[in-house]
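K.L.:
Dock chain one against chain two, each of which comes alone in its own frame, and use the hints as you go.
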Amino acid sequence: MKKKISPLWFIWLLPLMSLAAAVLLLAASGLPYNKAYVIEDAAYVQQLSHQAVPESLTLLDPVWGSITIDQPDKVLACYNLIARLPYINTDADSFGRIRNRELRGTINFLDRSNIHFSIYDNVVVDGIVYSDASIQYEASQLARELCQEFYTQDSLSRLIDRYTRIVLRTDSSRVNLSTTAKNQIKQEILECSLLSGDQLSEALQGRGRSLCQIEIYSDDSRVDDEARQTPQVYASIYGNGLCIVNDVDNSIGSDMYLLGGLPTIFAMLE
Amino acid sequence: MKVKNILMTFIVMAAVILWMAGCGAAASVKNGVTSYDSHSGGGSRLEGMQLNILGSYHEDMVKRMAEMFENETGCSVSYLRMPTGEAVARLIAEKEDPVVSVYIGGTIDAHENLKHQGVLVPYESPVEREISGEYVDPDGVWKAQYIETLSIGVNTERWKAEFPGRVMPSTLEELLDPAFRGDIVTSDPYTSGTGYTFVSSVLQFMGEEEGWAYIEKFNEQVGQYTTSGYTPAEKAGFGEYLICVNFLSDQLIVSTSGYPLASTVYEGAGWSMCPVSIVTGSEDNAAARKFVDFCIGKKALDALVELGNCVAVRDDCIAPVGGSKLSDLRFNRDYSPVEAAAFKTEILERFREVVLDYH
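Protein chains in written order, with the numbering used here: chain A, 3 to 272; chain B, 9 to 367.
Chain B on its own, in the form it takes in the complex (with noise of 0.2 Å):
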C-alpha cells in the first residue's frame, strides 16, 4: 500500500509538470518570425511578438497600419515599401523561405498572380463579413482595402500658359495629339501596378489588336516611365510634365496639397483593388491574421483614406477629400482587375516587343 501511494504521488507530480510545461509550447519561431497557435488564448495583445510587412502602397499609409497595429495589439511590426511589380519579384524569390508574414497594396493583379504561383494562402477573416462580396477573393485569399481608378491629370497652370482657351484632354484619343509628344508621364507597367492597370484597361476597352496599336502610339508621346505609381502625379503636379496618366487617388493627393492638377476619369478608365493577403508559411500565425483583420476594419481604413485620399471597400468609411464614397462612386465596371490579371505575363511580354524594343 505504501509503496502504491509513493508511485502514485510521482506519477500525479509528472503529470503536474508535464502539464506545465506544456502552457509554454504553443510558440514556434520560424525564421525570425514568431508564430503562436491561435487556440491558445491571448485575445487580442500580443505583445512579446513580431510581424514582417511588404507595402506598396505610399510609405505614410504602411508607416500609420503599422503604427495603429502596434498602439492596438502591442505587435511589434516591421515594414519595407516596394512598387508593386519589385514586390512580386521579391516574394516570388523568397518562396522557398520567406521573410515576410503580410503584403499589403500593390494592385489585384499582383495579388492574383502570387496566388497562383503559390506564395499567398487563403485565411477567412471574421472582418470579411463586412464587406461586399465582389471585393474579396472567392478562392479566400485576398481581401480589398480601397479601390483607385485611372484618370487624366493635366497640370492647369502649364495647360493656361501654353494652351490658352484650348480644352484639355478628357479622352485617350486626345493624348495622341502631337502638340503633347514627350510630355507625358506614367509608370512602367513592369514595376508598378498603375501602369499594369493602364496598358491591360487599353486592351480591355479596344479590343486587342486595336489597343496595340493605340500602345504603340501612346508610346511615342511618354517622355517618361516611372517606377512608382505615384510619381507622375508629382512630377505633372511640380510642372515638370504637362499631362499625367495614374490613379486618381493619387492624383488627388498632389492637387489638395495645393498643385495645379486638374483630373478626370476618361472613359473606358481601368481599375484596380488594393488587397491585403497572408504570405504561405505564415497561415498559422496569429499576429498576421490579426493584422489581415486589423486591415479590413474601419478604423484602418479611415486612417487609409486621410493620407491616401482612396475610396475605402466599405460604405460606412469616409469619403476622401473632393472624392466620393464607394457607393456613389462611377468607375468602369466593363472592366475586369482579374481578367487582367490572368493575362500579364502574356500583356508584359507583347508590351515588351511593341514598346520597349519597338525603336
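Extracted from the complex, chain A is given alone in its bound form (with noise of 0.2 Å):
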C-alpha cells in the first residue's frame, strides 16, 4: 500500500534551507570570519579613533554674542555637514543667501586643529569657499537648528546688560530703562517659560494688542549724530503674559515665544 505524502511536506525543510542559504551568503561576503586580526600599534589606532572627534562647538553671532554646544548630536550634525561639503570656486553661481547675518563658528577637536567655519552667502570653512544646491538647504537647517540655541531666555537675559540700551516703549512713550530695572527684568526673563504647540497656539489666540515692547540696542553707534532708530532684538508684551522676541535684522517673522508674569514690566505701565 502507498502511504499517503502530506501536501506540506517541504514546511520542515524551510529551516534547513534558511540556514544553508546564511552560510552560503557569509562565505560569499567575504566577511572576516573565523581569522584573527593583530593590531601592531595600539597606540596609533587610538590617535586615529580620537583624532576627528569634535568636542565642543563655540558659536558667535553679531547680536547674541557667543555660546558654546556640546551635546553630542548637534555637534557631530555640523562637523558631518562641514566634513562633505563639495569645493567649488569663489566665483561660482551664487544659490542665494544663507543666512541674513553671517553665524561664525569653531568646531573644537580632542586631538587636532579647530576648524573655523562661517555660515552667511555661503558656506566658509577655514577660509574655503563651499557652495551647493543642496548642501545650502542643509547648512540653512543646521544653522537654523543651531542659532535655535539663542533663542532661549537665557540668551535673552545675557543681552540685558548694562552696555545696553534697553527701551521700553509705549504708544505714548519711550523710556530709556535704568540698570536696576534691567537687572529686574533680567531675572523675571528667566523665570519665563519657553512656548511651543498647542500652549503657544493658545496663547496666540488670546493675546489681544501688545501693550508694550522692550526694545534691545545692542550695537548703539550713532548716525549723524542720531540714536539708531531701529533696534536688533525687540519683544512685544501681551495682556496674557506673552512675549513674542523678534530677531529684527535676522529673520522675517517671529523668533521665540516666552510666557511669565513680568511684574517690573506691568508696575511701570500703571
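Source of the hints: derived by calculation from the structure; they are not laboratory data. Among the hints, a few may not be true.
Claimed, not checked - Chain B side only, calculated, beta carbon under 10 Å to chain A, not exhaustive:
hint, residue
1, H66
2, N79
3, V107
4, K243
5, Y267
6, E314
7, V329
8, S332
What the hints assert, rightly or not - Here are some of the chain A residues that sit facing chain B, going by a computed Cβ distance under 10 Å:
hint, residue
9, I100
10, Y139
11, S142
12, L206
13, R209
14, G210
15, L213
16, C214
17, P233
18, S238
19, I239
20, V250
21, N252
22, G255
Even glycine gets a Cβ: it sits at the ideal position worked out from N, Cα and C.
P.N.:
Here's what the structure looks like:
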C-alpha cells in the first residue's frame, strides 16, 4: 500500500534551507569570519579613533554673542556637514543667501586643530568657500537649528546688560530703562517658559493687542549724531503674559515665544 | 513523483523569497529624498522619510508648518525661506535636478509662472474639495492657503508730529504728495511678490498708459525698495519711514505688536493668494502629497492665521486679530492675480525701463 504524503511535508525543509542560505551568503560576502587580526600599534589606532572627534561647538552671532554647544548630536551634525562639503570656485553661481546675518563658529576637537567656519552667502571653512544647492538647504537647516540655542530665556536675559540700551516703549512714551530695572527684567525673563505647540496656539489666540515693547539696542552706534532708530531685537508684551521676541536683522517673522509674569514691566505701565 | 515534489518545493520557496523581497521594494531614492509608492500602505505616518520644502512666507510660519507636519506624520522636514522672486529663480535653476519637493507661500504669479515652465506639477488633493473652487488652480497645480490684500500703512506717531491735523493718505493719488517724497517704503517687484502685486494692480486699475505714468511718479516718492514684502511694514512701524505700501496682513503683525501703524485698504488695491504646490519630480512622493493635504487643512491654516494675521481661504478657520474672515472680507474683485501672472515678464521689463533705468 502506498503511503500518503502530506501536501505540506516540505515545510520542514524551510529552516534547513534558511541555514544553508545563511552559510552560503557568509562565504560569498568575504566577511572576516574565523580569522584573527593583530593590532600592531594600539597607540596609533587609539590616535586614529580620537583625532577627528569633535568635542564642542562655539558659535558667534553679532547680536546674540557667543555660546558653546556640547550636545553630541548637534556637534556631530555640524561636523558631518562640513566634512562632506563639495569645493567650488569663489566665482561660481550664487544660490542666494543662506542667512541674513553671518554666523561664525568653531568646531573644537580633542586631538587636532580646530575648524573655523562661517555661514552667510555660502559656507566658508578655514577660508575656503563651499557651495552647492543641496548643501545650502542643509546648511540653512543646520544654522537655524544651531541658532535655536540663541533663542532662549538665558540668551535673551544676557542681552540685557549695563552696556546695552534698553527702551520700554508704549503708545505714549519711550523710557530708557535704568540698571536696576534692567536687572529685575533679566531675572523675570529667566523665570519665563518657552512656548510651542498647543500652548503657543492658545497664547497667540488670547493675546489681543500688545501693551508695550522692550527694545534692545545692542549696537548703539550713532548715525549723523542721531541714535539708532531700529532695535536689533524687540519683544512685544501682551496682557496674557505672552512675550513675542523678534530678531529684526536676521529673520522675517518671530523667533521666540515666552510666557511669564514680567511684574516689573507691568508695574511700570501702571 | 519524488523529483516532482522536490521541484515544487523549490518553486514555492523561490516564490516566497521573491514575494518577501518585493515587500521592501516600494521605496525609491532620488536626490536624497525618498519617495514611496502611496499605494503601499502606511496610513498617515511617514516615519523615516525626508521632505525638503522651499517657503516664501514668514520664517516662523514655514517653521510652524514643518514642525506640525513632523509631529503629525513622523516625516522629517527641512526648509529654506526665501522671498518670492529669489525662490522662483532658484526653482527654475534647479529644474533639471530639483532639491525641494514642495513650494509654499509666495504670491500666485510665482506659482503660475513656475507652472507654465513645468517646474510645478498637478496634484488632486482630497482636501481641496473643502475649499471654494476659485482658490484652487483649474489646472490642478496650486492650492491657495490664504489671501492678502495691499494696504497703505502710516506711522501714526510721526504723522501726528509732522502733519498735525491733516488726514492720512488713503488713495494712490494722495501718495504722490511732494511732502512724502523719499519717505515711502515698498518692496521690489523683482524679488518680492508683494512688490509685483502693487505694480500689476496699478496697471489693471488705471489702465496701461495712465498706470505707467503713475508708477513713474510713485518711484519719485519711494525712499527704499526692500527685497522682502514684510520689511516695509516693519520699517514704517519703527518710524524709519512715514509710509509703507505692502500687504495688510504684514502691517497688522506690526501694529498688533504695538507699533504705531495705521492701515487703509485703498481703492484699486491688488491682492494675491498664497498657495502650495508640488515640484516636478516629486509627484509620486507620498510625503509631498501628504504635506499639501496638511497645508490646506483647518489645523494648518489656523496656525498660519495665528502667526501671520492673514485671511485663510477656509471659512471655518479663525479670523485674524483686527481683521475679518474670508466671507466678510471686502477686496477688489476686479483685480485678477492670474492675469497679473500672465504678463509678469513684460511688466517687469517695462518696470526696469521706466523706473530702474529712469534716471
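K.L.:
All the hints need checking, so say for each whether the structure fits it.
P.N.:
To see whether the hints hold, each was checked on the structure:
Annotation: interface hint on B/H66 holds; nearest CB of chain A at approximately 3 Å, less than 10 Å. Look at B/N79: its Cβ gets to within about 8 Å of chain A, closer than 10 Å, so that hint holds up. The interface hint given for B/V107 holds, since its Cβ lies 5 Å from the closest Cβ of chain A, which is under the 10 Å cut-off. Using the Cβ-Cβ criterion of 10 Å, the hint placing B/K243 at the interface with chain A is satisfied: the shortest such distance is roughly 8 Å.
With its C-beta approaching chain A no nearer than about 7 Å, B/Y267 sits inside the 10 Å limit, and its interface hint holds. Annotation: interface hint on B/E314 holds; nearest CB of chain A at approximately 4 Å, less than 10 Å. Evaluation of the B/V329 hint against chain A yields a held restraint, the C-beta minimum of about 7 Å falling below 10 Å. Taken as an interface hint, B/S332 does not check out: its beta carbon lies about 16 Å from the nearest beta carbon of chain A, beyond 10 Å.
About 8 Å separates the beta-carbon of A/I100 from the nearest beta-carbon of chain B, less than 10 Å, and the hint is met. Evaluation of the A/Y139 hint against chain B yields a held restraint, the C-beta minimum of about 5 Å falling below 10 Å. With its C-beta approaching chain B no nearer than about 5 Å, A/S142 sits inside the 10 Å limit, and its interface hint holds. Given hint, A/L206 at the interface with chain B, holds; its Cβ is 4 Å from that chain's nearest Cβ, closer than 10 Å.
Because the beta carbon of A/R209 sits about 7 Å from the nearest beta carbon in chain B, less than 10 Å, this interface hint is met. Below 10 Å, beta-carbon pairs count as interface contacts, and A/G210 has one with chain B at about 7 Å; its hint therefore holds. Checking A/L213 against chain B by beta carbon gives a least distance of about 7 Å; that is within 10 Å, so the hint holds. Hint status for A/C214 relative to chain B: holds, with the closest Cβ pair at about 6 Å, below 10 Å.
The beta carbon of A/P233 comes within 8 Å of a beta carbon in chain B, closer than 10 Å, and the hint placing it at the interface holds. For A/S238, the shortest C-beta to C-beta distance to chain B is roughly 4 Å, which falls under 10 Å, so the interface hint holds. Taken as an interface hint, A/I239 checks out: its beta carbon lies about 8 Å from the nearest beta carbon of chain B, inside 10 Å. Checking A/V250 against chain B by beta carbon gives a least distance of about 7 Å; that is within 10 Å, so the hint holds.
Annotation: A/N252 was flagged as interfacial toward chain B, and the flag holds, the nearest CB pair being 9 Å apart, inside 10 Å. This hint holds: A/G255 has a C-beta 3 Å from the nearest C-beta of chain B, less than the 10 Å allowed.
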